[in-house]
Amino acid sequence: MTTMTTPDPTTSITATVQSDRAGGIMALCALTLVTSMPSMALFVFKASSTMAGLVAACAFVTIAGLLGFYKMVGGQYWTISLSAVVAVVLIITVHSLIASLMVEGDFFRAVGSLAATTVIMISAYLFRLILLQTTSRSLDRVMMVISGAFVVVGIMSIIGVQPLSSAYGKPIFPFTEPSHYALSFTPFIIYQSVRLQSLARLCWLATALLLALLLQSLSLVVGVGLAAACCLPISIFALTLISASAMIGYIDVSYFTDRLDFSINTTNVSTLVYIQGFELIGAALEKTGGWGIGFQQLGIVPLNVPTSDLIYSLMRNDANLHDGGFTAAKLISEFGYIGIILFISYVWILVKSVLCLRKMSSKRQGTAHEIFALSVIAGLSIEMFVRGSGYFSGTMLLMGVAVMMAAEGKYLQYRRLAAGRF
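In terms of numbering that gives the first Met the number 0, the sequence shown opens at residue 0 and continues consecutively.
Derived by calculation from the structure, the hints in this document are not laboratory data. Since this is a predicted model, take the numbers as computed values, not measurements.
Subject to a maximum C-alpha distance of 25 Å in a straight line, what follows is the list of computed DMTMM-like cross-link-like pairs (lysine to aspartate or glutamate):
#  : residue 1 : residue 2
1  : K45       : E176
2  : K286      : D317
3  : K286      : D308
4  : K286      : D105
5  : K70       : E407
6  : K358      : E407
7  : K45       : D317
8  : K362      : E407
9  : K351      : E407
10 : K286      : E103
11 : K169      : D317
12 : K45       : D105
Label pairs and their computed distance ranges (CB to CB):
#  : residue 1 : residue 2 : range
13 : F236      : W347      : 19 to 27 Å
14 : V268      : K362      : 38 to 46 Å
15 : L309      : I157      : 29 to 37 Å
16 : V151      : D308      : 35 to 43 Å
17 : W347      : T78       : 22 to 30 Å
The beta-carbon is built from N, C-alpha and C at its ideal position, and this holds for glycine as well.
Given the sequences, and given the hints that come with them, work out the whole structure.
Written out as structure tokens, the structure reads:
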């Protein structure tokens with residue numbers, strides 16, 4: 000006589016919990032490395048760019064998959080992603096070859112950067128797999144942990160506690176400067192602002208703004224403003240702006256106002272770097288007839304803009320000449336009209352992302368994956384418009400992940416009924 004055994008529900012629950020925990024740990028490790036390693040390569044290992052740190056983070060993601068820490072499944076999206084990688088490589092190669100006929104650049108720099116770009120794009124697909132294999136609740140916990148870590152790191156810098164000594168002026172370990180800290184922190188500020196409820200949301204925004212003021216980071220101030228725009232009702236947002244304007248008279252904001260001085264007599268280096276970015280765009284488009292000077296050639300191809308000479312006379316170095324000051328300047332200078340098309344495309348999905356985040360915030364809807372992807376897309380605007388660090392930043396990789404997730408899940412459809420809150 001055959002006896003039928005009833006599955007033990009406890010075993011099933013235990014397996015689910017263990018799988019959930021494993022996915023969360025993998026997502027935590029991957030997100031932490033991607034956001035910190037590019038700057039840590041500069042801080043600790045004195046690398047010449049963030050590329051080495053980002054490639055190291057990508058290597059971790061790949062090796063973890065090969066060792067079985069997550070499922071490296073293929074399927075339709077792998078085919079689509081691989082096709083996209085091939086297309087991007089071909090477009091960059093052809094564009095750079097044509098650009099080399101117009102200007103004299105560094106061929107080996109372009110080839111090395113293109114190889115790194117290929118690795119990063121493939122890693123973005125693998126990173127997407129890690130996040131999709133993590134439950135919404137686990138991903139939310141991961142975002143909370145990392146957001147808290149950013150706050151702790153900022154406080155440590157304010158009180159002067161740094162794990163390692165550094166030659167950098169205002170380091171925030173593992174970030175070499177407040178602007179790099181702000182670029183990585185902004186998507187997490189937006190995420191928490193959207194998911195939290197009214198009072199907790201205002202407390203979170205106030206905490207982030209206080210950090211920005213104490214760290215003297217204009218990029219972080221703009222990031223907090225963006226987060227507020229993604230979650231606050233228009234009336235409260237307007238009231239907040241009025242209140243902040245009234246408080247300006249009682250605190251010293253000269254550090255920030257100096258950076259907003261675009262007069263012809265300004266000697267503020269941050270302002271000059273921003274002006275230099277616009278001049279580089281004009282010079283590059285004029286020099287190549289709108290084609291662009293080629294991939295990773297900004298700072299290599301001589302453009303001889305007047306603000307660059309002024310910056311050099313003040314600093315004795317070519318501050319931010321390679322990254323253009325802000326990513327839009329680098330993108331358009333190097334890719335010309337193609338860069339302009341990419342820039343306009345980003346502005347379009349940025350607007351849609353902010354609208355969707357506002358809807359999710361007011362309706363208390365959206366999974367952790369939805370809010371994460373849209374927060375990354377929105378947060379990249381600081382890098383695009385305010386202060387960039389080149390193509391090889393952790394937020395750029397996360398942007399690729401976010402776009403794939405948004406396209407697959409149709410996150411940017413404003414009228415789509417978002418999933419219930421986790």
